[in-house]
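Numbering-wise (this note's numbering), the sequence shown opens with residue -14 and increments by one.
Possibly wrong hints are sitting among the right ones.
[Stated by the list, open to error] Restricting the straight-line Cα-Cα distance to at most 16 Å, the calculated cross-link-like pairs of lysine to aspartate or glutamate (EDC-like) are: (1) LYS137 <-> GLU104; (2) LYS153 <-> ASP134; (3) LYS153 <-> GLU37; (4) LYS153 <-> GLU104; (5) LYS4 <-> GLU123; (6) LYS4 <-> GLU104; (7) LYS137 <-> GLU123; (8) LYS4 <-> ASP87; (9) LYS40 <-> ASP87; (10) LYS40 <-> GLU88.
[To be verified] So the derived label-pair ranges between C-beta atoms look like this: (11) MET2 <-> PRO136: 34 to 44 Å; (12) ALA213 <-> ALA308: 31 to 41 Å; (13) GLN305 <-> GLN109: 27 to 37 Å; (14) GLN305 <-> ASN46: 45 to 55 Å.
These are computed hints drawn from the structure, not numbers from a lab. Cβ atoms here follow ideal geometry from the backbone N, Cα and C, with glycine treated the same way.
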Amino acid sequence: MATHQGDGGGSMSAATMPKRYRNWDGMEAHPRVVTIGTFDGVHLGHHYLAGETVKRARALNVPALAVTFEPIPAMVLRPDQFPGRICSAEAKLERLSMAGLDEIATLAFSRSLSELSPEAFLEQMHQCAQPVELWVGEAFALGRNRSGDLPKLQEIGRRLGFNVHAVKRLADDDGIVSSSAIRRAVQAGDVARAERLLGRPFRVTGPVIHGAHLGRTIGYPTANVQPAPDLVPLADGIYATRATIPDVVSDHPAMTYVGTRPTVNTGARLVETHLLDFDGDLYGRPLHVDLLERLREDATFDGLDALVAQLNLDEAATRQYFAGRGAAGTTISPSPSD
């Protein structure tokens, strides 16, 4: 077998699919309830914000519009410091489409856009989208040097004739739900925490590609993915995962290796997934891998016999994991006031 990294999702009917805009092109000027954000990963906090936006839009009988940015601003402003995205741009739009919104506008982010004052940006948005209310996260800011913080946005909104509301950030026992926290968890291999914050597992997706073909010879055929360079990198190691291949299997138990295979020294960093109790030719097919738990770190072994012995233990640990899957997790709730 063999797999690509990113996020991929299911399909929605045309009746429920929000209308999409690129920049403000084609948007009719009429009242809306609007929310703005980068929305990388579309985590539980983003869903909470979108839900409040939709609730107010329904109460006011106007459309709910989400405004987002591509590329992610940090990819443009701090490319050397940005660890990577949580999901692809298309996956982000798919996830936002599941939040009940009526419209989604993706603004092309650039350094020139980042230099706009908050006044200039909101005036442009007001002219095109005519917000009656604007909903943001409590830590949100926009404009040059993030000068458009919540009090500033509320001041500008009053002048332009709309109210600006902020929702509290969600939190669990380990801290605030944020895209940054999810990236840190993925980089550390703590995909279980990433799942709690996302409300779903961190996903790797893409077409199955050819690897070194070693796995089949040692009893562990794998479906291989080349991680996309702009996505946050997973920590190397062995993971319990679920694999979905459209029209073949759905949420199939699997174990996944992430790394460079130091024991056999085959080089390129891949995401390699062994589907338990499955045999089939997957080359070229789209594969979605949901990462559930890291079972161990990567390691180097003294030859293939030692590697296979460890893989046998990894398979046993994976099966044990799935046998016990389903324990209750922690509660995510709005953070308390300072």
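Hints, verified against the model:
1. LYS137 <-> GLU104: Judged against 16 Å, a Cα distance of about 9 Å means the pair holds.
2. LYS153 <-> ASP134: Holds: LYS153 and ASP134 sit about 14 Å apart, inside 16 Å.
3. LYS153 <-> GLU37: Holds, at roughly 11 Å.
4. LYS153 <-> GLU104: Given that 16 Å is the threshold and the Cα spacing comes to 24 Å, the pair is violated.
5. LYS4 <-> GLU123: Between LYS4 and GLU123 the Cα gap is close to 27 Å, so the pair fails against 16 Å, i.e. violated.
6. LYS4 <-> GLU104: violated (27 Å)
7. LYS137 <-> GLU123: Measuring from Cα to Cα gives roughly 12 Å; hence the hint holds.
8. LYS4 <-> ASP87: holds (6 Å)
9. LYS40 <-> ASP87: With Cα atoms ~12 Å apart, LYS40 and ASP87 stay inside 16 Å; holds.
10. LYS40 <-> GLU88: Within the cut-off at roughly 14 Å; holds.
11. MET2 <-> PRO136: 34 to 44 Å: holds (36 Å)
12. ALA213 <-> ALA308: 31 to 41 Å: holds (33 Å)
13. GLN305 <-> GLN109: 27 to 37 Å: violated (56 Å)
14. GLN305 <-> ASN46: 45 to 55 Å: This hint holds: roughly 53 Å between Cβ atoms.
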